[in-house]
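J.: Residue numbers (the numbering used here), protein chains in the order written: chain A, 28 to 221; chain B, 28 to 221.
Calculated from the structure, these hints are not laboratory results. Each hint should be verified, as a subset may be incorrect.
Stated by the list, open to error - To give an idea of the interface, some chain B residues facing chain A are shown, with a C-beta separation under 10 Å as derived from the structure: (1) I50; (2) S76; (3) V172; (4) G175; (5) L209.
Values in this document were obtained by computation on a predicted structure and should not be read as measured data. Beta carbons: idealized from backbone N, C-alpha and C, even for Gly.
There are 2 protein chains.
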Amino acid sequence: MLCVVNTSAEELRRIALQHFARIGFAGASLNAIAEEAGLSKSSVLYHYSSKEALLAAAVEPAVDRLAEVIEGFTRTGRGAMDDEFVQRFVDLLLSHRLEVHVFINQGQSLADIPAIQRANALIQRLGDAVTDHIPTVRDRIRFGVALGGAAYVLVAAAQWSSEPLDDLDETRAALVDTITTLLADLPVSSAATA
Amino acid sequence: MLCVVNTSAEELRRIALQHFARIGFAGASLNAIAEEAGLSKSSVLYHYSSKEALLAAAVEPAVDRLAEVIEGFTRTGRGAMDDEFVQRFVDLLLSHRLEVHVFINQGQSLADIPAIQRANALIQRLGDAVTDHIPTVRDRIRFGVALGGAAYVLVAAAQWSSEPLDDLDETRAALVDTITTLLADLPVSSAATA
DNA sequence: ACCCTACCTGTCCGATCGGTCAGATTCCTG
DNA sequence: CAGGAATCTGACCGATCGGACAGGTAGGGT
């Protein structure tokens, strides 16, 4: 026990996250995860008491970051739809795209897992805040396309392209630019492009 | 055999599609699908020879439509990024959002199924066409956010909201408007907003 | 009446699932 | 060196998976 953070546990978390994102939580098997990590299924269940615990450990850091971002948005009210929120959101996607992909696409079927439940509540809160501030269907869809599309692009890039993020800074800038463009006309984003 | 299209088979297709979209193909069980349809697992395997065949039947019509839309886009070349393509795409999403959700999010893990393979090839072809016509990373991401975001919004609406599409016409108009806005600056869409 | 087809079912099978447990191995610490 | 915690493993369990198979039932055409 020399390491502060166990290397096997951390590698398992990484591999498991890829499996959960690729074939879904229900479809992923502890055996396959263990095999890719060079361990046995028993060793996986030694580091994480259950499959659900493994999922929780895999997504929890991302949920914490999401909580910070969304809380920073809802706390300051409607004036918060500025460049800072967009940049925080894009950075969250860039550093935790697999986790976001998991609780975006499997959030409903995994609602009984506390960590996922927390993520669902956060997204729900963001949606409610948007619904309150943005009255028209058009603007609400614009908001959804902006944030959802950004999330999709990163996941799709990871799926269909061999080298998705070779130019990370340019990708980040392009995402911020795109979202800002879509949110510029929204009533809630008076200071967006200023 | 009075019906031209078997009612049980069609209802199974519908229910199975919901299960595949919600918990993934690997996680969905024939038992659960059969139970929701009021049948036994054996009856499911009578109408569809295997689980994969059920998936293929569930997504195949949507893949056919996708082929038409993408073929119409790539055939006419770069000038095709007009309102007509956007409208066709939005209509495809509105009428087949569950199917699109399936082969967008599980296309890689289900690549050995012919129908999914066909969908993957189509999306790949669309991506290649975009990559050829759109040189800069910024514009490519803009394109991905537009189409991916539109797909995401409909799926997310189905997941988080109880009544997602009460105002279908307005939703359609808003999606077309949003995508057109994002694609207006792209070099390939000279006739987009004209 | 007959059969034939469509439709549905229960039973059984091998494989795999997540999870438990007892024991082996390693490795730091005193 | 001794000992104890940390790590890892194989054997095993009940449950469930997709699928094969034989049989049962209802209806329509001859």
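J.: Please check whether B/S76 passes as an interface residue: C-beta within 10 Å of a C-beta belonging to chain A.
T.: 21 Å, violated
J.: Take the shortest C-beta to C-beta distance between B/L209 and chain A; is it under 10 Å?
T.: 7 Å, holds
J.: Given B/V172 was flagged as interface, is its beta-carbon under 10 Å from a beta-carbon of chain A?
T.: 3 Å, holds
J.: Just to be careful: measuring from the Cβ of B/I50 to every Cβ in chain A, is the smallest value less than 10 Å?
T.: 4 Å, holds
J.: Against chain A, run the beta carbon of B/G175 and see if the smallest gap drops under 10 Å.
T.: 3 Å, holds
Of the numbered hints listed earlier, the single one contradicted by the structure is hint 2.
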